[in-house]
Amino acid sequence: DTEVTQTPKHLVMGMTNKKSLKCEQHMGHRAMYWYKQKAKKPPELMFVYSYEKLSINESVPSRFSPECPNSSLLNLHLHALQPEDSALYLCASSQSPGQGVNNEQFFGPGTRLTVL
Amino acid sequence: GDSVTQMEGPVTLSEEAFLTINCTYTATGYPSLFWYVQYPGEGLQLLLKATKADDKGSNKGFEATYRKETTSFHLEKGSVQVSDSAVYFCALGRGSTLGRLYFGRGTQLTVWP
Chain A
1 DTEVTQTPKH
11 LVMGMTNKKS
21 LKCEQHMGHR
31 AMYWYKQKAK
41 KPPELMFVYS
51 YEKLSINESV
61 PSRFSPECPN
71 SSLLNLHLHA
81 LQPEDSALYL
91 CASSQSPGQG
101 VNNEQFFGPG
111 TRLTVL
Chain B
1 GDSVTQMEGP
11 VTLSEEAFLT
21 INCTYTATGY
31 PSLFWYVQYP
41 GEGLQLLLKA
51 TKADDKGSNK
61 GFEATYRKET
71 TSFHLEKGSV
81 QVSDSAVYFC
91 ALGRGSTLGR
101 LYFGRGTQLT
111 VWP
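Chains as they are written, first to last, in the working numbering: chain A, 1 to 116; chain B, 1 to 113.
If a hint is listed, it holds; no wrong ones were tucked in.
Pairs of lysine to any residue residues, derived as SDA-like cross-links and limited to a Cα-Cα distance of at most 20 Å, are as follows: (1) Lys40(A) to Val11(B); (2) Lys41(A) to Thr5(B); (3) Lys22(A) to Asp85(A).
In case anyone wonders, no lab produced these hints; they're calculated from the structure.
Pulled out of the complex, with its shape left as it was, chain B reads as follows (with noise of 0.2 Å):
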C-alpha cells in the first residue's frame, strides 16, 4: 500500500543554514507529493506540492522535486530563518482514493538566532 517515510527529527540548525527533511514514498503510480507546515497552535499548511515525476515545487525560498527513480521529494532551503520553526509533514495523495493523504511522521526544525 501506499506509505511516506521520513527523516527523523529534530533538526536543529542555526539561522542561515541550509535545510535538507528527507522524504521517499512507497507507491504505485503516480501520487501527487506534497509538504505541510504546521507552525506551533496551528493547523497544517500547504508548502509546497508536485503532481507528477520531475516536477519541482517551490513556495518561500523551499523547494523539493519529485524524483521518481528514487522515490524521493527531499524538502530543502538554502538559508533557513528562525521563523521558520515547525513541523514539516510530507504527504502522498491520489485522485482514486477519495483525497485520502498518507503523512510522513513530521519533522521537527528548531532554527536558533
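The shape of chain A in the complex, shown without the other chains (with noise of 0.2 Å):
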C-alpha cells in the first residue's frame, strides 16, 4: 500500500464549529506532515511529527491542534476559524525524517475546507 488517504474529501464549517481532518497511510512512514495550500500557491508546511512525536510547529494559530494517535493516522483539529482558513489542506507521509535519507514526500489527495 503506497497510498495517503485523507478524510473527508471537501468540508464546509461555520466559525463556530469544531472538526477534524483525518489521515491515514500504510507504508510504515515514521514521518508525517500537514500542509496548507492557498489557490495557486505551493503548500505551506503547518506542523511535522517524528515518530509520533511533534516535532515542527511552524507557529500555527491555535484554532488548528494536530494529533498523532499512533504512527498510520494523524488528524487536525479545527476550531473557531476563519474565513481565511479556507484552503485545501494536504497530508503527507516520509519514511525516516533527519537521518540523512532523501526525505520524498508522499501526499495525499487533501481536503477542501470552506469557512463561512
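Combine both chains into one complex, guided by the hints.
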C-alpha cells in the first residue's frame, strides 16, 4: 500500500464549529506532515510529526490542533476558524526524517475546507 | 538558508511541443531535489527525484538532471500531451531538517491539442 488517504474530501464549516481532518498511511513511515495550500500557491508547512512526536510547529494559530494517535494516523482538529483559513489541507508522510536519507514525501489528495 | 526559484508561468504549449521548466536552488551541501506535479483538484504526486550531483531523475517522459555547478534542476519533456496539463513544483529537501521541503512557486502548464 503506497497511498496516503485523507477524509473528508470536502468540508464546509461555520466559524463556531469544531471539526477534524483525518489522514492515514500504511507504508510504515515515521514522519507525517500537515500542509495548507491556497489556490495557485505552493504548500505551506504547518506541522511535522516525527516518531509520533510533534517536532515542528510553524507558528500555526492555536485554532489548529494536530494529533498523532499512532504511527499510521494523523488528525487535525479545527475550532473557531476564520474565512481566511479556507484552503486545501494536505497530509504527507515520509520514511525516516532527519536520518540523512532523501526525504521524499508522499501526499494525500487533500481536504478542501471552506469556512463560512 | 535553503530556497528554490522556479520560472514564472503560466506556460502554454501545443501538443508534442518541447517543455522546459527552469528551477534553481540555493543551499549548502548536497540536498535532494524533487519535481512534484499537481493535477486539478488533487494532491501532489512525486514526478521524479535526484539525490546527488549529476543524478538524472526520469518518469513518464520527464527528465531532470541535478547540476551542482549551476545549482539547477530543470524539468524537460520532449513531447508534451494534453494530459500533462497541471501545476509543477520544484522542491528541495535534506535529511537534517526533519523532512522539511522547500517548494518553488509552482508553474502552471497548459497543453492545447
